[in-house]
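Chain by chain, the residues run as shown.
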Amino acid sequence: MASLRAGLRSLPTYLVVAPFAIVLAFPFYWMLMTMFKEDSDLYDVTHVPYVFNPIQWRFWESATTKHVSFIFEETNYPTWLLNTAIVGGLVVLITLVISAPAGYALARLSGRWGQGVGIAIFLVYLVPPTLLFLPLSRLVTELHLKDTLWSLILVYPSFTIPFSTWLLMGFFKTIPQELEDAALIDGCSRLKALRKIVFPVSLPGLLTVVIFTFTLCVNEFIYAFTFVSSSEVRTVSAGVPNDLIRGDVFFWQSLMAATLIPAIPLALLYNAFLDRFIKGFTGGAFR
Amino acid sequence: MPDAGDELVRPDGQLTRRDVLRRGTAGAFAITMFGGLAERAFPFYGPLRYQHKQLSGELKIMQWTHFVPDYDKWLDGTYVKQWGEKNDVEVKVDHINLALLPSAAASEVASGGGHDLFQFLFPPSALEKQVIPLNDIVQEVTKKLGKMTDVAQKSSYNPKTKKYYGFADNYVPDPIHYRKSMWFNAGVFPSSWDAIRRAAPALKNAGHPVGLGMTGELDSNMLLMSLLYCYGASLQDEESRVAINSKATVEALKVMRDIYRRGMTDEVFAWTAASNNDAFLAGRLSLALNAISIRRTAEDRGLALADDTWIAPIPRGPVRRLGNEHVMGIYFIWKFAKNKAAAKRFLVDQQLGYRQHFLQSKFYNFPAWTNSVKGGFKTIRRVTNQDRHKPLGQYNILASIAEKNTTNVGYPGYANAAIGEIWSTYLVPQMFAQVAQDKMTPQEAAKAADRQFKQIFKKWRDQGLMP
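Residue numbers (numbering that gives the first Met the number 0), protein chains in the order written: chain A, 0 to 286; chain B, 0 to 466.
No wet-lab data here; the hints were simulated from the structure.
Please read these numbers as outputs of a predicted model, since none were measured by experiment.
Treat the hints with care, as some may be off.
As the list claims (entries may be wrong) - Non-contacting residues of chain A with respect to chain B, defined by C-beta distances greater than 12 Å in every case (computed):
(1) 4
(2) 92
(3) 126
(4) 174
(5) 179
Unchecked claim - Cross-link-like lysine-lysine pairs, in silico, DSS-like; alpha carbons within 27 Å at most:
(6) 143(B) to 339(B)
(7) 145(A) to 334(B)
(8) 389(B) to 159(B)
(9) 145(A) to 161(B)
(10) 337(B) to 145(A)
(11) 446(B) to 458(B)
(12) 389(B) to 179(B)
(13) 145(A) to 458(B)
(14) 334(B) to 142(B)
(15) 161(B) to 146(B)
(16) 145(A) to 128(B)
(17) 146(B) to 339(B)
(18) 162(B) to 458(B)
(19) 65(A) to 389(B)
(20) 161(B) to 179(B)
(21) 145(A) to 453(B)
(22) 162(B) to 145(A)
(23) 65(A) to 72(B)
(24) 146(B) to 159(B)
(25) 128(B) to 334(B)
Every residue, glycine too, gets a C-beta built ideally from N, C-alpha and C.
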């Protein structure tokens, strides 16, 4: 009886959440279905688009894996995935190394002046890549980095560091100053206090930076497309639209597969650290 | 002081740490020295990298991702490899989506580096100051193959500067695709724009509207400029003077508005270049204007409607039956290109043996010099006639369209820089869409376009790129 009452109490919550969940999950369902569809199924408007046609219990007999095989066997897709992971991983590392101390310094050591600098750094993030790609391509060429992954590893921190610094600045402000003071009184240096006290407490914020930075790297298109022109050096975001849209012909099923596959680990990562992720984002919101 | 006899000897043959270090150092030294020299030594002590050394270095090419995947596979894997071996050049071809070509070119200009050869799918007239003239190789090919086609010449030559700013490589005929059974039921054949206007209501009522785009994308641009020509209108005259504000333009605008009202849906204002392909392949459209990618895709994917999909020349207007090429493959060589000699040789050789390109592209790429397929249009007709897809002989019409019904963007003048800007800013589809949506009368739209065009023409005249 008690559990029924508890269930009834949470019913309104589910009624509110369920439509959102369905709407947000629907594109993924659509991608999943489409990537296994036969051409004759996909291009027939009389077919029900949400299932495999002809409709039958043994639904897998109406589906095909050939479009998924195509991206692994006929394109450089596995290389694009690897390149994306390399670029994402290194950019995350660079971003953490630079933005964590910068965010801490702005939060702790600079007083009111730090607030202004923090906002200025965030404004840098708002300059769109569509304006920056032309001057940056000059820089990349001068450094002989064109057509290499290093061009992306160099340029991506230009937009991940400002946002991450701003985010971490807000987060560090939520950590009581007394914690650090106690560590300093106990004989810790500033650096040791940072390493032993501040960073462990800031794990949600740092984790947010990791996920956010990696996602930005996976999604980024303009720099990835402009600075890299060889198919085998591309990342997923530039490789997929270049090799799976041929002229005015879209390879729909392969496109869906190619975009869904990298979305799955990212979604799992988000889900695994959801609570910390929310904490990280809202860390400095109420101070 | 220990002597040699004191050194530890292992009877089982095991190595000491010192042995490992000593041998490792010697090995590393040998690999570093002789391994490093091997690459340099190879040309002297082994065979030449390629037998018929003529050129040298690297050649980097940027071009679109062809809609026929096998064409790119053949080009990258067979053609350029063979050409590279023959000329001792390391050739690398990068492919990008056609819509991204202009931004990739802009980035290369900004950075002052990139590919040696760059291919556009419309005349790159606005880039004339950034590229080298190619008159010499045009002349060389013309000597061997005879006159180049008009469409190619007017898409790559600037009569004001007397320069070939680009090397026309191929052009693509732009037929209509129509569903034969649907038009048969409507009792009309889509041979004229007036016939389409008459049949449109019946087709739309049957659930199969006409699909003619009016938005900022390639297909709409080509189609609507072609419609203007068929009604006797044009963007400019032969002397490169703005000519859009005419009675003929008003008539063309009216006919398109009628076709839209009677036989189309408002999707056509939000289309991309792929939309007419997708809508046609899904069986929804009764007619679309596109290169043969629609038919070829239907064949390749084994769709049932392939047998019912016919192609025909652009519909006739009251004045003529003439349409733009669908895409115009033009290569250019940047001033900053590192291997200009190899780039030029590549273009000449490619054009001289274009037959294979024509076949590998499944009759998509027509050569800029018709005689590069030995026997010209006569041979092209014979070859296209051998295509085994049903309905048999369908592709035969392509040669006729390429020969008689295809012209350049900017007809009757040259595809100059002003025309290039009008093309790339999609002002013509905008003009048609304004009228179809009743936001302007045809007369107002023609006048508004006239004002815009004159500003653009003035800008490029001031830069000295137009007569």
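Against the structure, the hints:
Every beta carbon of chain B lies more than 12 Å from that of residue 4(A), the smallest distance being close to 51 Å; the non-interface claim holds. With a least beta-carbon separation of about 27 Å from chain B, residue 92(A) lies farther than 12 Å from that chain, consistent with its non-interface assignment. With a cut of 12 Å on Cβ distances, residue 126(A) stays outside the contact zone with chain B, its closest approach being about 16 Å. The non-interface label for residue 174(A) is consistent with chain B: the shortest C-beta to C-beta separation is roughly 43 Å, beyond 12 Å.
Every beta carbon of chain B lies more than 12 Å from that of residue 179(A), the smallest distance being close to 46 Å; the non-interface claim holds. Annotation: proposed proximity of residue 143(B) to residue 339(B) holds, straight-line Cα distance about 21 Å (limit 27 Å). The suggested pairing of residue 145(A) with residue 334(B) holds, with an alpha-carbon distance near 18 Å, which does not exceed 27 Å. For the suggested pair residue 389(B) and residue 159(B), the alpha carbons sit about 48 Å apart, so the restraint of at most 27 Å is broken.
Annotation: proposed proximity of residue 145(A) to residue 161(B) is violated, straight-line Cα distance about 34 Å (limit 27 Å). For the hint pairing residue 337(B) with residue 145(A), the CA-to-CA distance comes to about 15 Å; that is within 27 Å, so the pair holds. The straight-line distance between the Cα atoms of residue 446(B) and residue 458(B) is roughly 19 Å, inside the 27 Å bound, and the hint therefore holds. Among the hinted pairs, residue 389(B) with residue 179(B) is consistent with the structure: their alpha-carbon atoms are about 13 Å apart, no more than 27 Å.
A hinted pair counts as satisfied when its Cα atoms are at most 27 Å apart, and residue 145(A) with residue 458(B) does not qualify at roughly 33 Å. Taken as a hint, the residue 334(B) and residue 142(B) pair is honoured in the structure, with Cα atoms around 26 Å apart against an allowance of 27 Å. With a C-alpha separation of about 17 Å, the suggested pair residue 161(B) and residue 146(B) falls inside the 27 Å cut-off, and the hint holds. Only pairs whose Cα atoms come within 27 Å are accepted, and residue 145(A) paired with residue 128(B) is accepted, the gap being roughly 24 Å.
Taken as a hint, the residue 146(B) and residue 339(B) pair is honoured in the structure, with Cα atoms around 24 Å apart against an allowance of 27 Å. Restraint check for residue 162(B) and residue 458(B): satisfied, since their Cα atoms lie roughly 20 Å apart, inside the 27 Å limit. Annotation: proposed proximity of residue 65(A) to residue 389(B) holds, straight-line Cα distance about 25 Å (limit 27 Å). Proposed proximity of residue 161(B) and residue 179(B) is contradicted: the alpha carbons are some 47 Å apart, above 27 Å.
Restraint check for residue 145(A) and residue 453(B): the C-alpha separation of about 39 Å exceeds 27 Å, so the hint is violated. Note on residue 162(B) and residue 145(A): the hinted pairing is violated, with a Cα-Cα distance of about 31 Å set against a maximum of 27 Å. Restraint check: the Cα-Cα separation between residue 65(A) and residue 72(B) comes to about 19 Å, which is no more than 27 Å; the hinted pair holds. In summary, the hint linking residue 146(B) to residue 159(B) is supported, as the alpha carbons are separated by about 20 Å, within the 27 Å threshold.
Distance hint between residue 128(B) and residue 334(B) is fulfilled; the C-alpha atoms sit about 9 Å from each other, no more than 27 Å.
Violated hints, in rising order: 8, 9, 13, 20, 21 and 22; the structure is consistent with all others.
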